[in-house]
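Q: Listed here are the chains, written in short residue letters.
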Amino acid sequence: MQDICEQYKDFSTRKLFFIVLLVVVLFGVVLIALSQGASSVGFFESFKALFRQKTGLAHAIVWELRLPRIVMAILVGCGLALAGSVFQAILRNPLASPYTLGIASSSGFGAVVAIIFSGSYYSQYLIAGSAFFFALLASLLILGIAKFKSATPETMILAGIAIMFLFSSLSSLLQYMGTVEEVHEIVFWFFGSLSKVGWKEIGVASVMILLPVPVMLRWSWDFNLLAAGDESAKALGVNVTRIRMCGVVFASLITAAAICFTGVIGFIGLVAPHIARMVIGGDHWFLLPASALIGGILVLAADTLGRTCWAPQIIPLGIVTSFIGVPFFFYLLMKKKREYW
Amino acid sequence: MLSVDGLFFGYKNTTILKNLEIELHQGEILSIVGPNGTGKTTLLKCITGIIKPNKGTVMIDGRDTSRMSRMAHAKCVGYVPQSSPSKFPITVFDAVLMGRRPYITWKPSEKDLETVADILKSMDLEDIALRDFDQLSGGQKQKVLLARAVAQDTDYLLLDEPTSNLDLKHQMEVLEMISSMVKTNSVAAMLAMHDLNLASRFSDRMVMLNAGEIFCSGEPQQVMTIENIRSVYGVEATISQANGHPYILPTGPAGHSGIKKCFSS
Chain A
192 MQDICEQYKD FSTRKLFFIV LLVVVLFGVV LIALSQGASS VGFFESFKAL FRQKTGLAHA
252 IVWELRLPRI VMAILVGCGL ALAGSVFQAI LRNPLASPYT LGIASSSGFG AVVAIIFSGS
312 YYSQYLIAGS AFFFALLASL LILGIAKFKS ATPETMILAG IAIMFLFSSL SSLLQYMGTV
372 EEVHEIVFWF FGSLSKVGWK EIGVASVMIL LPVPVMLRWS WDFNLLAAGD ESAKALGVNV
432 TRIRMCGVVF ASLITAAAIC FTGVIGFIGL VAPHIARMVI GGDHWFLLPA SALIGGILVL
492 AADTLGRTCW APQIIPLGIV TSFIGVPFFF YLLMKKKREY W
Chain B
8 MLSVDGLFFG YKNTTILKNL EIELHQGEIL SIVGPNGTGK TTLLKCITGI IKPNKGTVMI
68 DGRDTSRMSR MAHAKCVGYV PQSSPSKFPI TVFDAVLMGR RPYITWKPSE KDLETVADIL
128 KSMDLEDIAL RDFDQLSGGQ KQKVLLARAV AQDTDYLLLD EPTSNLDLKH QMEVLEMISS
188 MVKTNSVAAM LAMHDLNLAS RFSDRMVMLN AGEIFCSGEP QQVMTIENIR SVYGVEATIS
248 QANGHPYILP TGPAGHSGIK KCFSS
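The listed protein sequences derive, respectively, from chains A and B. Counting from 192, one number per residue, gives the positions in the first sequence under this note's numbering. Counting from 8, one number per residue, gives the positions in the second sequence under this note's numbering.
Excised from the complex, chain A in its bound form:
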């Protein structure tokens, strides 16, 4: 019989191979996304524009329209999936997602406040800033409650649900008072869209999404241990309260950065970690990168589909992600024989 150590290493190599495979797939989807669009800039033309041409219409379309959209889609997908994995680990709950702790509804409220009250100061940055601020406010509220009571997953999830209801009714109240145009804008924000992003937004979002990644990887062992229960984790030297608190802050930061420019994009943060887990298991050292890549692939694929399949109409991203995410998720759920939570 083969040595167990070798078997385990083979097992790890297979996981690594899956991650490499995901990178390849992501690259493939990027190529497809780059060559598709409302204008007639096709496959080869778009590559020429990407690398050789410095001016011209094709160059502008690729560099100013398609590429930023692609990069942002990947960033948002990675961010949401990463945040989802972290939330599921620290709350030890497979139903947790970046939105579980009321973060989506509070950042939605932030956007609503900005849309209704900005008046003549209206700008995309104001909406994004306000959405970001309120997303973090929600996580700080959770932390406050956890600090005061106890940092158990149950306390946090219950507090999160309460916060979700608070902010969504506040949003409804403001919508009720708003004009038709404002309500339209709000609805659009809640659908999620990549139409308004440029390189500047990408710069801001990428810093906030990518900076915490090394920290998350450093904590991957602690996340693994949290899954084994708080007591086992503590007995193995993990500062459970600190890791949970810091995890909430970082994951909220990533979520806020991912959604503040694009609006609410649902489902990815819930489903990408599960897809990754079904394939490579629960070790966060591999799970975090794998689910981030799956998130990136899903969002990019959804956005590409949304803007091409019914062109020139663009189906809002948030809607498409659910349309392609749900059947895919069901498929995996049925195919996988064992119960895994």
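Simulated from the structure, these hints should not be mistaken for laboratory data. Glycine residues also receive a C-beta, built at the ideal position from the N, C-alpha and C atoms. A couple of the hints might just be wrong.
Not everything, but these chain B residues come out facing chain A in the computed CB check (under 10 Å) [unchecked claim]: (1) THR55; (2) PRO96; (3) THR98; (4) GLY106; (5) VAL123; (6) LEU137; (7) ASP167.
The following label-pair restraints were derived from C-beta to C-beta distances [as the list claims (entries may be wrong)]: (8) LYS391(A) x ASN172(B): 56 to 64 Å; (9) ASN61(B) x LEU401(A): 39 to 47 Å; (10) TRP254(A) x LYS128(B): 57 to 65 Å; (11) ASN172(B) x PHE339(A): 32 to 40 Å.
Following the hints, position chain B against chain A.
A: Here is chain B on its own, set in the frame of chain A:
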């Protein structure tokens, strides 16, 4: 030597542990017995640092654990919980590898992997090394949790009801494993036990707790007496001897007239 000195623990209005004094020596198995809710698990948690005692100290080889970092503490005391929740899939190998956490910074080293492989081999868990922890039977799970504590490579092992969900054969296997580990590696084990007969059979010393206080302690012969069991558990029992170990046969709740008659006088 691990020593618990003047240990108190309680929540706001209730005191759970009162003034406990316990010593655990190298190469020794000590069982903590007592009725439900008497503080056995709480005591183990205080010693591993999962909860902080309100008063008193836990010293390990002369060092005060309250002054140690979590990781340093985790390198001294291993803990085997009663059960482990598993919401997410994890292989047996990874579950045991978790025991190496105090020694891991970014990724487990080659040595960590080898240690785990050796432990799995020695505990006969080789064949299920890459199986999902959640799909194992109760007995296998308990062995894996034990393997994790062994991987932690500590001088002291604390086990919370290691036999509670196991069938007879697994009870024996798990306790034999603990016993041989204690003897060969000269570590020390403290077991919270429900089954008095198993406790008596496998331990060098026993501590009987009642309502958070030490009722009596000593060798199994001294602790397993009709009087002790009557006053702590409220149960009438007969005590017999087998292979030098006392074992009890409960006959009924204490105070029951019919039984009392049999044993009085």
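Q: What are the numbers of the hints that this structure violates, sorted from low to high?
A: none
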